[in-house]
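Enquirer: We have chain A; now place chain B onto it with these hints.
Each chain is listed here by its residues.
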Amino acid sequence: MLAKRIIPCLDVDSGRVKKGVNFNNLTDVGDPVEIAAEYQRQGADELVFLDITATNEHRKTMTQVVEQVSSQVFMPLTIGGGVSSVQDIQALLKAGADKVAINSAAVDNPDLITAGAEKFGNQCIVVAIDVSKNKSGEYIVYIHGGKTATKLNAIDWAKTAVEHGAGELLITSMDRDGTKDGFDISLYQEISQVVNVPIIASGGAGRALDFSEVFKQGNVDGALAASVFHYGELTIEEVKQAVKKEGITIR
Amino acid sequence: MFSIVDYDTGNTRNLKKALDYLQIENELTDDKEKILKSDAVILPGVGAFAAAMAELEKRDLVTTLQQVATKGTPILGICLGMQLLFDSSDEYGEHVGLGLIPGKVIAIPDDVKVPQMGWNQNKAIKESKFGSIDGQFTYFVHSYYAKCDEENILAEVEYGTSIPSIVENNNVYGMQFHPEKSGQVGLKLLKEFQEVVES
Numbered sequence: 001m002l003a004k005r006i007i008p009c010l011d012v013d014s015g016r017v018k019k020g021v022n023f024n025n026l027t028d029v030g031d032p033v034e035i036a037a038e039y040q041r042q043g044a045d046e047l048v049f050l051d052i053t054a055t056n057e058h059r060k061t062m063t064q065v066v067e068q069v070s071s072q073v074f075m076p077l078t079i080g081g082g083v084s085s086v087q088d089i090q091a092l093l094k095a096g097a098d099k100v101a102i103n104s105a106a107v108d109n110p111d112l113i114t115a116g117a118e119k120f121g122n123q124c125i126v127v128a129i130d131v132s133k134n135k136s137g138e139y140i141v142y143i144h145g146g147k148t149a150t151k152l153n154a155i156d157w158a159k160t161a162v163e164h165g166a167g168e169l170l171i172t173s174m175d176r177d178g179t180k181d182g183f184d185i186s187l188y189q190e191i192s193q194v195v196n197v198p199i200i201a202s203g204g205a206g207r208a209l210d211f212s213e214v215f216k217q218g219n220v221d222g223a224l225a226a227s228v229f230h231y232g233e234l235t236i237e238e239v240k241q242a243v244k245k246e247g248i249t250i251r
Numbered sequence: 001m002f003s004i005v006d007y008d009t010g011n012t013r014n015l016k017k018a019l020d021y022l023q024i025e026n027e028l029t030d031d032k033e034k035i036l037k038s039d040a041v042i043l044p045g046v047g048a049f050a051a052a053m054a055e056l057e058k059r060d061l062v063t064t065l066q067q068v069a070t071k072g073t074p075i076l077g078i079c080l081g082m083q084l085l086f087d088s089s090d091e092y093g094e095h096v097g098l099g100l101i102p103g104k105v106i107a108i109p110d111d112v113k114v115p116q117m118g119w120n121q122n123k124a125i126k127e128s129k130f131g132s133i134d135g136q137f138t139y140f141v142h143s144y145y146a147k148c149d150e151e152n153i154l155a156e157v158e159y160g161t162s163i164p165s166i167v168e169n170n171n172v173y174g175m176q177f178h179p180e181k182s183g184q185v186g187l188k189l190l191k192e193f194q195e196v197v198e199s
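Residue numbers (full-length UniProt numbering), protein chains in the order written: chain A, 1 to 251; chain B, 1 to 199.
Simulated from the structure, these hints should not be mistaken for lab results. C-beta: ideal position from N, C-alpha, C; glycine also. There could be a bad hint or two in this list.
Claimed, not checked - The calculated DSBU-like cross-link candidates involving lysine-lysine, where the alpha carbons are at most 35 Å apart (straight line), are: (1) B:K147 x B:K129; (2) B:K34 x B:K191; (3) A:K119 x B:K32; (4) A:K245 x B:K129; (5) A:K244 x B:K123.
Unchecked claim - Covered by chain B, per the in silico footprint, the following chain A stretches (three or more residues, Cβ under 8 Å): (6) 70-80; (7) 94-105; (8) 196-203.
For reference, chain A alone in the conformation it holds in the complex:
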């Protein structure tokens, strides 16, 4: 049986991990390599690095980060943030990324998904979708780091992204992000009905039980979280044990 994946997400700014990573056994809490190694030790199934200030300059720094992490940490790495061309995808894959996440640029130009999938295989093209409900309860796609609402319905866009060649979807509920109220189960139920690629749920993780809930009811393949892991509120081991207890296959 394929195991469900528990995925910590790290925000990177100027080559350093930001957002209060708080492991007491690290000598340098901003060093991506050290933090990645710690997550590997805890049993993370994959790591997502997001370049939160993705200018051209930062992108070069990001490829160096990927280069360093992939020389020391031997697990799948997904990199996102500001990816807007086939060249960007190529540079990150060459540096050691296994998958590259595209967000705003995919909305602006869905052909970028196809171009990336055709050149590098769809298994390494992740389309990241930021979603918020509007007043009438419709799931709407946001871009530019959640700042700009589009007219796209999130369920339709998920389907379109897969038709264009996305090999995986990383779906963030902006409404749940940071709330620790649990994942938006109905969002994942709707999306998993229209696509047949792996889905990663993100936004809302607070308790270990939130993870088993989204695996069981949301039909997702992975669950991503940042702050609960960074601040040591939950360890990956704790989450995995709780999920396992619910009879879900976990590594």
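Expert: Chain B in isolation, oriented as in the chain A frame:
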């Protein structure tokens, strides 16, 4: 010296990084003479079967790899590199492979999500140098799998059907998962391959 066959495929550098980390002397190369002289040859691969075979042909490496196998030098194919070791593949039409292990590469049944992406638990089928894999999870990313004789299967996983995860035919080995992305378990399997080479 291990040769990693360099034919413009995705994950070669990550494989090199893992071997470097394990201090296994290796070189990324498409030089026929070097490949023929090396102690072991690793054939990585990400992407499509036909394109990969065409790229090997272009570099005149198909016969070279067949010669390496005939000489008795250990070969390890990884992911698509493993699939290339078989007779043929169904991926986007019928294509001929290296023919080093009898069998055919076919699509994963579509009643499960494709690609298989993530960690799956292996079951050892036969005793081998890679016995440490039994019960362990390794990282898979693939849409096709090898249909081959049971005698060539060392380990397998369940995903819609039984999928061979390690295969063997004399000195020719294949791993469907990515050992270089499978944490400590994967590093150990690469070490075990080194032991095969040295034995």
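Enquirer: It remains to establish, for every hint, whether it holds in the given structure.
Expert: Okay, the hints, checked on the actual structure:
Our distance criterion of 35 Å between C-alpha atoms is met by K147 of chain B and K129 of chain B, whose separation comes to about 22 Å. Among the hinted pairs, K34 of chain B with K191 of chain B is consistent with the structure: their alpha-carbon atoms are about 22 Å apart, no more than 35 Å. Of the pairs offered as hints, the one joining K119 of chain A and K32 of chain B holds, with about 26 Å between alpha carbons and a cut-off of 35 Å not exceeded. For the hint pairing K245 of chain A with K129 of chain B, the CA-to-CA distance comes to about 33 Å; that is within 35 Å, so the pair holds.
Of the supplied pair hints, the one linking K244 of chain A and K123 of chain B holds, its CA atoms being roughly 19 Å apart against a limit of 35 Å. Under a criterion of three residues with beta carbons nearer than 8 Å to beta carbons of chain B, the stated coverage of the segment 70-80 of chain A is upheld, 6 such residues being counted. With a cut-off of 8 Å between beta carbons, the segment 94-105 of chain A has 3 residues touching chain B; three or more are needed, and the interface restraint holds. Coverage of a stretch by a chain is defined here by at least three residues with a beta carbon nearer than 8 Å to that chain's beta carbons; for the segment 196-203 of chain A and chain B the count is 3, and the condition holds.
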